[in-house]
Amino acid sequence: MNMLYQLKQLDKKLYQFNSIKNLLVPTKGWLATIRESLCMTQSQLATRLNYTKAAIRKIEDSEAKETIKIETLKKVANELDCELFYVILPKKSSLVDIIKSRAEAIAKESIIDTAKHMALEDQAALEDIKEQTEILTDELLHNNLKNLWDYEV
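Quick note: the sequence shown uses my numbering, first residue -19, plus one each step.
Hint data in this document are derived by calculation from the structure and do not stem from the laboratory. Please note that a few of the clues may not be correct.
Unchecked claim - Listed below are the simulated EDC-like cross-link pairs for lysine to aspartate or glutamate, each with C-alpha atoms no more than 16 Å apart in a straight line:
1) K88 with D118
2) K8 with E46
3) K72 with E16
4) K33 with E16
5) K88 with E114
6) K33 with E59
7) K80 with D118
8) K(-8) with D130
9) K71 with D(-9)
To be verified - For each label pair, taking beta carbons as the anchor points, the in silico distance ranges come out as:
10) N58 with Q(-4): 21 to 27 Å
11) Y131 with E63: 39 to 45 Å
12) K8 with N124: 18 to 24 Å
The C-beta atom is built at its ideal place from N, Cα and C for all residues, glycine as well.
Could you put together the complete structure from these sequences and hints?
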């Protein structure tokens, strides 16, 4: 199956999570915020989990500091009758855009290096650099995409 097709399918799945990109994590973290919203004390949560109150405080602090284990986060969320969703979203609009940007950067660098060489040898590049870049980008996208990460750009 075509790698770009697979990326597009994954992009469709990830698209549904785009609205959470603007969701700000509360300063205290989600666990403390949800627990407090449910009018539950740390002691009550500790009892439900068979932990100490100090352990709950440490867990909530570790979540706020982003050092909590996913396993712990999931366990406490479950006890709060909540679900944990763990997702990594592309900074750009899609994974396909990441791949295309990478291929284009490699192509531009390659074409510019070639053009510099030709200029040094007094050989004028007859074709437009932009057109050459588009052609090379397309070639890179239709070959083994894994190779894109072997280049220094």
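Each hint, compared with the structure:
1. K88 with D118: holds, 12 Å
2. K8 with E46: holds, 11 Å
3. K72 with E16: Violated, at roughly 35 Å.
4. K33 with E16: Measuring from Cα to Cα gives roughly 14 Å; hence the hint holds.
5. K88 with E114: Holds, at roughly 9 Å.
6. K33 with E59: Satisfied, since the Cα-Cα distance of roughly 15 Å is no more than 16 Å.
7. K80 with D118: holds, 9 Å
8. K(-8) with D130: violated, 27 Å
9. K71 with D(-9): Given pair K71, D(-9) holds - Cα atoms ~12 Å apart, limit 16 Å.
10. N58 with Q(-4): 21 to 27 Å: holds, 22 Å
11. Y131 with E63: 39 to 45 Å: holds, 40 Å
12. K8 with N124: 18 to 24 Å: violated, 46 Å
Checked against the numbered hints given earlier, this structure breaks hints 3, 8, 12; the rest are met.
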